[in-house]
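Trainee: This is what each chain is made of:
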Amino acid sequence: MTTVQPTQPSFWNDTGKTGLAAWIFSTDHKRIGLLYFYSTFGFFLVGVLLGLLLRIELMAPGRTIMGPQTYNALFTVHGVVMIFLFIIPGFQGSFGNLVMPIQIGARDVAFPRLNLFSWWLYIIGAVIIITSLFTGGGPPDTGWTFYVPFSSRTGTNVSLAVFGVFVVGFSSILTGLNFITTIHRLRAEGMTWGRLPLFVWSLYATAWVQVLATPILAITLVLVMAERLLGTGLFDPGRGGDPVMYQHLFWIYSHPAVYIMILPAMGVISDVIPVFSRKPIFGYKMIAFSSIAIAAFGSLVWGHHMFTSGMSDTAILVFSFLTFIVAIPSAIKVFNWVSTLYKGSISLDAPMLFALSFILLFSIGGLSGLILGAAATDVHVHDTHFVVGHFHYVIFGGAGFAFFAAMHYWLPKFYGRRYAEKPAIVAWALMFVGFNVMYFTMQVLGMKGMPRRYYDYLPEFATLNLVATIGSWILVAGLIVMLVNLFRGLFRGEPFVGNPWGGATLEWTTATPPPTENFEEEPVVTHGPYDFRGTGIP
Amino acid sequence: MTSDTGAHHIVGYAKLAQVWLALLALTALTVLITRLELGGYKVLGALTIACLKSGLVIAFFMHMKYEGRLLRWLLFVALVTLAIFIGLTFFDVLYR
Ligand code: HEM
Ligand SMILES: [Cu+2]
Numbered sequence: 030m031t032t033v034q035p036t037q038p039s040f041w042n043d044t045g046k047t048g049l050a051a052w053i054f055s056t057d058h059k060r061i062g063l064l065y066f067y068s069t070f071g072f073f074l075v076g077v078l079l080g081l082l083l084r085i086e087l088m089a090p091g092r093t094i095m096g097p098q099t100y101n102a103l104f105t106v107h108g109v110v111m112i113f114l115f116i117i118p119g120f121q122g123s124f125g126n127l128v129m130p131i132q133i134g135a136r137d138v139a140f141p142r143l144n145l146f147s148w149w150l151y152i153i154g155a156v157i158i159i160t161s162l163f164t165g166g167g168p169p170d171t172g173w174t175f176y177v178p179f180s181s182r183t184g185t186n187v188s189l190a191v192f193g194v195f196v197v198g199f200s201s202i203l204t205g206l207n208f209i210t211t212i213h214r215l216r217a218e219g220m221t222w223g224r225l226p227l228f229v230w231s232l233y234a235t236a237w238v239q240v241l242a243t244p245i246l247a248i249t250l251v252l253v254m255a256e257r258l259l260g261t262g263l264f265d266p267g268r269g270g271d272p273v274m275y276q277h278l279f280w281i282y283s284h285p286a287v288y289i290m291i292l293p294a295m296g297v298i299s300d301v302i303p304v305f306s307r308k309p310i311f312g313y314k315m316i317a318f319s320s321i322a323i324a325a326f327g328s329l330v331w332g333h334h335m336f337t338s339g340m341s342d343t344a345i346l347v348f349s350f351l352t353f354i355v356a357i358p359s360a361i362k363v364f365n366w367v368s369t370l371y372k373g374s375i376s377l378d379a380p381m382l383f384a385l386s387f388i389l390l391f392s393i394g395g396l397s398g399l400i401l402g403a404a405a406t407d408v409h410v411h412d413t414h415f416v417v418g419h420f421h422y423v424i425f426g427g428a429g430f431a432f433f434a435a436m437h438y439w440l441p442k443f444y445g446r447r448y449a450e451k452p453a454i455v456a457w458a459l460m461f462v463g464f465n466v467m468y469f470t471m472q473v474l475g476m477k478g479m480p481r482r483y484y485d486y487l488p489e490f491a492t493l494n495l496v497a498t499i500g501s502w503i504l505v506a507g508l509i510v511m512l513v514n515l516f517r518g519l520f521r522g523e524p525f526v527g528n529p530w531g532g533a534t535l536e537w538t539t540a541t542p543p544p545t546e547n548f549e550e551e552p553v554v555t556h557g558p559y560d561f562r563g564t565g566i567p
Numbered sequence: 045m046t047s048d049t050g051a052h053h054i055v056g057y058a059k060l061a062q063v064w065l066a067l068l069a070l071t072a073l074t075v076l077i078t079r080l081e082l083g084g085y086k087v088l089g090a091l092t093i094a095c096l097k098s099g100l101v102i103a104f105f106m107h108m109k110y111e112g113r114l115l116r117w118l119l120f121v122a123l124v125t126l127a128i129f130i131g132l133t134f135f136d137v138l139y140r
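In order, the protein sequences belong to chains A and X. With positions in the first sequence counted from 1, the corresponding number in the working numbering is that position plus 29. With positions in the second sequence counted from 1, the corresponding number in the working numbering is that position plus 44.
I should point out that these hints are in silico values taken from the structure, not numbers from a laboratory. In this text, all values refer to a predicted model and were calculated from it rather than measured experimentally. Note that CB positions come from ideal geometry on N, CA and C, so glycine has one too. Treat the hints with care, as some may be off.
What the hints assert, rightly or not - A few chain A residues facing chain X, derived, Cβ under 8 Å: (1) 82; (2) 85; (3) 241; (4) 329; (5) 341; (6) 343; (7) 344; (8) 347; (9) 485.
My request is simple: use the sequences and hints to build the entire structure.
Mentor: Now the structure itself:
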């Protein structure tokens, strides 16, 4: 495939205008994508800083750098920031916006202004959440789950924080609507459903979850506010209410939300692995189908968070069973990725290393999830550091590492410059080692009975906690190397042109960086997304 | 009832009033049902009535009865999802 010689200016200098206003009021999906990228990734860095502080506090028993109240506030804010301000909006907002319209051969999303509005809602929600830390009774201390009865009684500023999350939720719903419409209506000629890149399939499945499940979170948070401000008593057993009902409502959204985090990540992996193994993806249809299956069945398993909450035994049986069913489509994906690698011509560039480690870390996270999904073993490890290790394996080792893969794979396309390869690999190695040292140790600690959400612990846990804290430093050292290398590369690195990795999806056929309307002329699609015969790379 | 061509259907006052009365009657029923000894089925009863009521509101006040196929389908999908969510919680509520 020949490199397209751009005749139109790239989206960076099309309007002739520069400055903030040309960005924060732009309706171009690529600019909005970068807005989302920098805001969500910025919050990720804030979250990392808070996580580091948590780990430093746990470095030794007793008070190390903070007291219990500060610790409670910190893990709450760490969780809220990471979940609601980084990983849920992150994938759809940044890489969904940047890449998806180009991958389906569209000029933009279906509703560009709504797209900009979504970003604004996200920022407004974020500002409200930040405001809640410094006003009223100070930062919330409930954990990111806002469980009643504590959340309806604590004197901290829970009302404002949940209102901020409420606003961010609307941003998520609107992005979902926008993407569903875009994928249905704006596919280029020849872009059949069977030729959609798997990243697009995963965004499509995710978008449905966003549209159908997020309203339930919204209403739940309104009920918490009503409980606090009006004293409705809905969750108060003393007045005929039911606190367990809160947990149902919260997890009806928040378990599917786990799929909002992981499905797009799986999509990235499904796009990266074939390119760097120079082989068509194994089982395209099954991967596409399993995205839908995960979205559908994943919405029915929320009760596995409530095995020890006083739910009925019948419900425990049903939810445990359903949880085991969702493991099937997830495993289908893992097996298909591994089969794609088999006999491929693998090149270990940075995006591929992140993608490969995704498979391992996600599998560890997923399998430890089954330990939690079986009611009998869950009773033993519920609310321990085993759980903390488990979900970091899935959302950080899984979704987070896929986010890094996407950063290395796609950002050069939009900047026209690239990072240096060697430091990227060093960074990956440090992060991979640090990650496992920290979170595997935390899982062991959980098995031994160390509870989560406490600033202190019994002396016998001291050594392993020190190990975990040192792991967090290795991880963050790698993160810093990655950041410096990546961003220095994007702004001042070697030029990145054409299709160096030989991707077969549409974003690799247009100019680098892409012009405002993405293509010089409307593309006509003649082959599937993983048909590498025309890419000119052996 | 007035029926017009295509986009804008106007529902007559008489019809609206009838629907309103039905809603009031159902509200009264909800209150009555709390007085009966039905155990877990009380929730089921209250929910059935609530569904009937929102069905009426959606069909007449929100005009869904007169809308096109696509919109009805979308609403249907959302409602079925909600029904499944609520339905699954009964494995807890009914057997606790
Ligand atoms: C360097 C990176 C990170 C470090 C050092 C870190 C550390 C921690 C620690 C020690 C806890 C447990 C606190 C406790 O229960 O006592 C925690 C909780 C949590 N972390 Fe992280 N974490 C990091 C990254 C992330 C990422 C990337 C995400 C999500 C995308 C995340 C999401 C969460 C959530 C949701 C909680 C639960 C908060 C709660 O209990 O309410 N973390 N983290
Ligand atoms: Cu879950």
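Trainee: Does each hint fit the structure? Answer for all of them.
Mentor: Hint check results:
A least Cβ separation of about 37 Å between residue 82(A) and chain X goes past the 8 Å threshold, and the interface hint is therefore violated. Using the Cβ-Cβ criterion of 8 Å, the hint placing residue 85(A) at the interface with chain X is not satisfied: the shortest such distance is roughly 40 Å. Checking residue 241(A) against chain X by beta carbon gives a least distance of about 5 Å; that is within 8 Å, so the hint holds. Interface hint at residue 329(A): satisfied, since its Cβ lies 6 Å from the closest Cβ of chain X, which is below the 8 Å cut-off.
The beta carbon of residue 341(A) comes within 4 Å of a beta carbon in chain X, closer than 8 Å, and the hint placing it at the interface holds. A distance limit of 8 Å between C-beta atoms decides the matter here; for residue 343(A) the minimum to chain X is near 4 Å, and the interface restraint holds. At its closest, the beta carbon of residue 344(A) sits 4 Å from a beta carbon of chain X; the interface hint therefore holds under the 8 Å criterion. With its C-beta approaching chain X no nearer than about 5 Å, residue 347(A) sits inside the 8 Å limit, and its interface hint holds.
The closest approach between the C-beta of residue 485(A) and any C-beta of chain X is roughly 34 Å, which is over the 8 Å cut-off, so the hint fails.
The structure does not agree with the numbered hints 1, 2, 9 stated previously, though it agrees with the rest.
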